[in-house]
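Colleague: Turn these sequences into a full structure, and let the hints steer you where they fit.
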Amino acid sequence: MIAGPLPPHPRVVLSSLIRGEQPPPVAAKPPNLSELLPSEAGSAGESVAPPSAADADVLETGLVLLEQNLGLDDDLEVDFFGHDASGAPVLVLCVDGDDEEHVPVRLLDLLRWLDRNVFLLRTCFEEAGCSGVRWALTPRFFLVTANVSARLFERLSGLSCQELEVFDVCSLLFRGQRRYFVRGIAPWTSPTRSVPLPIAPDGLEDPCLRDLLEHVLERLEGLTPDFEVFGDRFSRSVFLNGRLCLKLVARSGELFAAVSGPNPKLRIRSRRDVDSVIDRVLRGLMGMPGKQDETEARRVNGEAGRPRAEREPDPGVTRRPAGRARLGREPVDLTSRLTDDEMEAFLNK
Amino acid sequence: MVKLSGASLKRMPRRLLERWRMQRRRTTQRVPSIGVASGKGGTGKTFVTVNLGVVLARSLGKVQIFDTDLGLGNAHLHLGVKPEFHLNRFLEGRVELEDLLLESPYRVRLLPGGSGISRLAQLGTEELGLLSRAISRTLSDSQLLMIDSAAGISPQTLMFLQHTDYVLVVVTPSLPSLTDAYALIKCMILRRPRVRILVLVNRADNDEHALEAFSKLRDVSTRFLSFPVHYLGGVPEDRAVEPALVAKVPLVIRAPQSPAARGLRQAARRLARLLDDVDPGQAGFADSLRQSF
Chain A
1 MIAGPLPPHP
11 RVVLSSLIRG
21 EQPPPVAAKP
31 PNLSELLPSE
41 AGSAGESVAP
51 PSAADADVLE
61 TGLVLLEQNL
71 GLDDDLEVDF
81 FGHDASGAPV
91 LVLCVDGDDE
101 EHVPVRLLDL
111 LRWLDRNVFL
121 LRTCFEEAGC
131 SGVRWALTPR
141 FFLVTANVSA
151 RLFERLSGLS
161 CQELEVFDVC
171 SLLFRGQRRY
181 FVRGIAPWTS
191 PTRSVPLPIA
201 PDGLEDPCLR
211 DLLEHVLERL
221 EGLTPDFEVF
231 GDRFSRSVFL
241 NGRLCLKLVA
251 RSGELFAAVS
261 GPNPKLRIRS
271 RRDVDSVIDR
281 VLRGLMGMPG
291 KQDETEARRV
301 NGEAGRPRAE
311 REPDPGVTRR
321 PAGRARLGRE
331 PVDLTSRLTD
341 DEMEAFLNK
Chain B
1001 MVKLSGASLK
1011 RMPRRLLERW
1021 RMQRRRTTQR
1031 VPSIGVASGK
1041 GGTGKTFVTV
1051 NLGVVLARSL
1061 GKVQIFDTDL
1071 GLGNAHLHLG
1081 VKPEFHLNRF
1091 LEGRVELEDL
1101 LLESPYRVRL
1111 LPGGSGISRL
1121 AQLGTEELGL
1131 LSRAISRTLS
1141 DSQLLMIDSA
1151 AGISPQTLMF
1161 LQHTDYVLVV
1171 VTPSLPSLTD
1181 AYALIKCMIL
1191 RRPRVRILVL
1201 VNRADNDEHA
1211 LEAFSKLRDV
1221 STRFLSFPVH
1231 YLGGVPEDRA
1241 VEPALVAKVP
1251 LVIRAPQSPA
1261 ARGLRQAARR
1271 LARLLDDVDP
1281 GQAGFADSLR
1291 QSF
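Going down the list, the protein sequences come from chains A and B. Just so it is clear: in the first sequence, position 260 is 260 by the numbering used here, and no numbers are missing. Just so it is clear: in the second sequence, position 53 is 1053 by the numbering used here, and no numbers are missing.
Be aware that one or more of the hints could be misleading.
[As the list claims (entries may be wrong)] Taking beta-carbon pairs under 8 Å as the criterion, some of the chain B residues facing chain A (in silico): (1) Val1081; (2) Leu1175; (3) Leu1178; (4) Thr1179; (5) Tyr1182; (6) Ala1183; (7) Arg1192; (8) Arg1194; (9) Arg1223; (10) Phe1224; (11) Ser1226; (12) Pro1228; (13) Asp1277; (14) Asp1279.
I should point out that these hints are in silico values taken from the structure, not numbers from a laboratory. Bear in mind that the values here come from a model prediction, so they are computed numbers and not experimental data. Every residue, glycine too, gets a C-beta built ideally from N, C-alpha and C.
Modeller: Below you can see the structure in the form of structure tokens.
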């Protein structure tokens, strides 16, 4: 037997990533069987801190994990249990090469168990005061794999399980440190950055909110074709030149926009909110402060209420010409007269 | 607001009772507004305003058109109604603004401008203030207000437009129309950075031609102003338009199956959906205009 470092179990990787950490390095010695068996506190040398209502956005936007090592029956165990952004119950199975043989049967057993006994789970969680799960929704299964063979994915393709998401733990050695990632496996789950995507995420059911989200993306598309959109079942992230400009998230039947800057989160309910979002994205791109930013800056600088034009210029600060955007355009001449460039743009098209 | 008992209501003089009812409705209702504009004259702005108003009145209820082309207003010609008084009389204090209202057979009511009265094109601040205070009384039972503005970008025109929920810019595919519309958009952004602008292309050869004209305007607006404009639709050139104008009947009534009428109905449907997004918490046109004086 060749001694060498063993990769951590996907359960360990997932728990670490949820906490925003990388998994601890594993000791380079052959493991005992008992060390690989899961326990309440995790295997020896591989501590698995309970996520305890933790946000697991690393798997899917809005996923919340409520419980770990959930034993449904004598030999039927789930690594994590929680709910997605719409409240649908989610059961997470973490599987490595040693466990892969039994995965399809485990999934079918879980389906059968839930079909008959989901009310037991509901009772336990409600008595424990855990909220957020909408038990009427179809349960979903997240399979997080590591070091499994391609045969497992072939066998999973034969299963007619509509609500299955499959992920794979992968790693790379970067600057002497091994870094772990979780990526989606098609066709069950889109890899993190993939196109094409439907414009509105599947998890956003309200047609009015879908319309509003599409409206946001259409308006951004109208500004420049260089925006890139990625996402998952409950979110869309908009990048420009590799920089995240906007994240749209569906959660509990609502639509939220996250833009950098003060008051970053905005709930989108109407076209006026869409205007606000686009306004903030534009200001973020052009480096212009918003109205609330100006007020805050004045308050901090002790010039609240004093018109900007009356303030003494700070001799120590080199000011950019007024109105020059970060993108390097000339200030916009907002009078009715068209500039030569503007007229040429009309003539040349 | 004082709540009146049934017995009190019966004793009130009729005119006072009407006024009390209008005032009560005003406190509970906020009328959405659309300003229809064009940089260049002759794009068919009034034609579009009247016909959209007639179509929208069928689904929304009473629509009021305020012809703010105060010196050369001609919306009454499109509706086939004849003004008895002009705005001059109201400004001179001889009549109430409500007395100028004209009812058409199409659930559209017109507050006419004045034709050939040049001084109305440049009202003073006091007169505009008087007008702004009186407008809200005329909106008591209207579901939509459409402002048919004068062509161009005079301060008076821009002032009326900046208080509306949407500004609909009517263009034709010609270059001068597009450049003048762009100039109007620039001026609107300066006055109201969050203005929402819709574009309707009138007298296009076909849908592709209309879309091409809009794309030109949109691309320049995006590139130089970083400002989005939205396409409301295209109305094709149609020989049925002129007979309808001569007959003084809106095209959507006189020739409802004509291509231009179909284009107008489609645009009206889109507009009706946009009106659902108007924020009822924001001040309406009349209140917003009044607050500026």
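Colleague: Using 8 Å as the Cβ threshold, decide whether Pro1228 of chain B counts as touching chain A.
Modeller: Since the shortest Cβ distance to chain A is 5 Å, the answer is holds.
Colleague: Does Leu1175 of chain B pass the interface check with chain A, least Cβ-Cβ distance below 8 Å?
Modeller: Nearest chain A Cβ about 6 Å off; hint holds.
Colleague: Under 8 Å is the threshold here; is the Cβ of Ala1183 of chain B close enough to any Cβ of chain A for the hint to stand?
Modeller: Since the shortest Cβ distance to chain A is 4 Å, the answer is holds.
Colleague: Taking 8 Å as the limit, does the beta-carbon of Ser1226 of chain B come near enough to a beta-carbon in chain A?
Modeller: Where the cut-off is 8 Å and the nearest Cβ of chain A is about 6 Å from Ser1226 of chain B, the hint holds.
Colleague: Next item in the hint list is Phe1224 of chain B. Is there a CB on chain A closer than 8 Å to its CB?
Modeller: 5 Å, holds
Colleague: Hint validation: Val1081 of chain B versus chain A, beta carbon distance must be below 8 Å. Holds or violated?
Modeller: Hint on Val1081 of chain B: violated, closest Cβ of chain A at ~34 Å, above 8 Å.
Colleague: Can we keep the Leu1178 of chain B interface hint, with Cβ of chain A closer than 8 Å?
Modeller: Hint holds; Leu1178 of chain B Cβ to chain A Cβ min 6 Å, cut 8 Å.
Colleague: For the restraint on Thr1179 of chain B, tell me whether the closest CB of chain A is nearer than 8 Å.
Modeller: Interface hint status for Thr1179 of chain B: holds (6 Å vs cutoff 8 Å).
Colleague: Are Arg1194 of chain B and chain A close enough, Cβ to Cβ, to be under 8 Å, as the hint says?
Modeller: 6 Å, holds
Colleague: Asp1279 of chain B was flagged as interface toward chain A. Is the shortest Cβ-Cβ separation under 8 Å?
Modeller: Check passed: Cβ of Asp1279 of chain B comes within 5 Å of chain A, closer than 8 Å.
Colleague: Take the shortest C-beta to C-beta distance between Arg1223 of chain B and chain A; is it under 8 Å?
Modeller: 6 Å, holds
Colleague: Once the shortest beta carbon distance from Asp1277 of chain B to chain A is found, is it less than 8 Å?
Modeller: 4 Å, holds
The structure fails to meet hints 1, 7 from the earlier list, while all remaining hints are met.
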